[in-house]
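> Sequences listed follow chains A and B, in order.
Going by my numbering, 130 is the number at position 130 of the first sequence; the sequence numbering is gapless.
Going by my numbering, 383 is the number at position 73 of the second sequence; the sequence numbering is gapless.
Simulated from the structure, these hints should not be mistaken for lab results.
For clarity, every value in this text was computed on a predicted model and none was experimentally measured.
Glycine included, each C-beta is placed from N, C-alpha and C at the ideal position.
Some hints could be false.
[As the list claims (entries may be wrong)] Listed next, with one range per pair, are the computed distances between beta-carbon atoms:
| id | chain 1 | residue 1 | chain 2 | residue 2 | range |
| --- | --- | --- | --- | --- | --- |
| 1 | A | D2 | B | I334 | 53 to 61 Å |
| 2 | B | L323 | A | T57 | 54 to 62 Å |
| 3 | A | E118 | B | P345 | 56 to 64 Å |
| 4 | A | G90 | B | W444 | 20 to 28 Å |
| 5 | A | T57 | B | R319 | 46 to 54 Å |
| 6 | A | G90 | B | G470 | 33 to 41 Å |
| 7 | B | N570 | A | P110 | 41 to 49 Å |
| 8 | B | V451 | A | P163 | 41 to 49 Å |
| 9 | A | R55 | B | L367 | 24 to 32 Å |
[What the hints assert, rightly or not] Simulated coverage check for chain A against chain B, where a stretch passes if three residues somewhere in it have a Cβ under 8 Å from a Cβ of chain B:
| id | region |
| --- | --- |
| 10 | 48 to 55 |
| 11 | 66 to 79 |
| 12 | 124 to 135 |
[Unchecked claim] Short derived list, chain A residues pointing at chain B, Cβ under 7 Å:
| id | residue |
| --- | --- |
| 13 | A9 |
| 14 | R11 |
| 15 | E89 |
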Amino acid sequence: MDLAITTAALRKEFGACTAVDGVTFEVEVGTVFGLIGANGSGKTTTLRMLLDIIRLTSGSIEVLGQDPRQGGASLRKRIGFLPGELRLEGRATGRQILDFYASVSGPIVPGAVEQLTERFGVDLDRPVGDLSRGNKQKVGLIQAFMHEPELLILDEPTSGLDPLMKREFIQLVREARDNGQTVLLSTHILSEIQQCADSVLVLNKGRAVANGDVESLRLTSIRYLHAGISGAQRDVVQDRLTRIGNVRDVVTSARAGGGIRLAATVDGPVDDLMKALAEFTITDITIDEPDLEESVLSLYEKPVGGGHGA
Amino acid sequence: MHSQLPVLRRSLLESWRATLGWTIGVAAALLLYLPLFPSIGGNDQMQQLIDGLPPELVSALGYDQIGSGAGYTQATFYGLIGFLILSIAAITWGASAVAGAEESGRLELDLAHGIGRVQYVIETSLAVIVRLCWLVLFASVLVIALSGPSELDLGIGDVGAAALALGGLVLLIGAVMLFVGAASGRKTWALFAGTAVAVGGYAVNAVANQSPDLGWLRVFSPYAWAYHQPPLTAGPNAAGITALFAVSLVCLVLATALLNRRDISG
């Protein structure tokens, strides 16, 4: 198993504040690795340490077989990076910026920039200072991908992109993986992880709270049910649902105009719940996925691990 | 696609408009002041007017030698308006070089590419130096060209000495700013340091001119290192000019070392 990134007990302190606290993870070559967590969880700090933009307080890092500090510019040529807060300002056009980065991190395959530009649909002849947030982000993505780096480190890559471009981005990440490239992406958007990541590290307040392959983490096993039921007693519905093993937080209430409003949380398969509900007359129903924060919160209650190496 | 000195070339390309603007400023100042010498500096009535001014004011402005072409050129351009223009240019460029790039987030992205930190400081410093050298060279050529028509009677060697003094002085301002910017990552701090060297040096020199008892203050004034011995008449002051360039070099070496050691903030 070849590893693109390994960290051991990675720690970063800013004065009295510990931003990253003993994080250990590995990223296999040719995989997509998701780094998820709320704002301030240490995602960006971790990524910056991988690039030697900031220096670790203790622990160790190896990126593409080298210590980032020792690897220097020649190592970073092999990495494509998109900062979390991409700020492109001034009179320079997108093309001038890409030409500059191509000259320092190239060579790039002829036509690569044109191909990426066409996919994302961004005007490279306008000054970047005049571009919208989403179009700046596209220029940022192009500069990260254009030299086909062995490793892509992308911090919140889809922020500012419209849904169509998000899909294009996911496709690009999959193609990069098929091409043998390794992708490390940080995000707080669960669906991106679901769509393209092979494994995941969840950070909370600088600590790893979960680490493993996406399936084993069962990030998506929780569902929220909301339904309207008519022609049934509240306590009957309440009692029927509470008896199902993986249904909890059952709340029923009388609805103005008759009927019952029902809310419940399901952890795992929904089959038993659906069969139970079928005994009643359902006027409306929604089943929602939790957002990332809720998934992460549910992970805090579970032991760390479950995936490879754990 | 590989090219030599990419950061230097980018800095120069991006700032050509500003450089052109400063060049026009230098030209305007010289074309405004120097041709007036026959009617002002060399004029007896003007000399009488200056003799009637408080001597403290005259020495503070450096107008005590205004009767000669060299004294006039020193007092108007090298010591005042030229110093002002080039200082502001150095302060602008020095602030944006490292600290400005860091605050705008550009440094983070640049350093994530195949650019080393030492290389970054060296190339951005060179970009400041090249532009300041251009302004000094341009000013020197124009002063030499105007010397005859404006009856200034300046030799090429005199102008060369003044160019060294002015160049060293503004280089020091830029170098201090690069050092403070590289150490702190804060544009405001770099601006403060550069302005302190320029304005503080000028003010300390003006105070030192007030009395022989205060002459020791000149040790603290880079302006005095450059100009206490008037370069246009007495030639370059070897000690002063060596000090300007040596301190500049130390600042640039420290800037390189410090940026290489610390975290880059976004």
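> Taking the earlier hints as the rules, which of them does this structure contradict?
Result: hints 2, 5, 7, 8, 9, 12, 13, 14 break, sorted rising.
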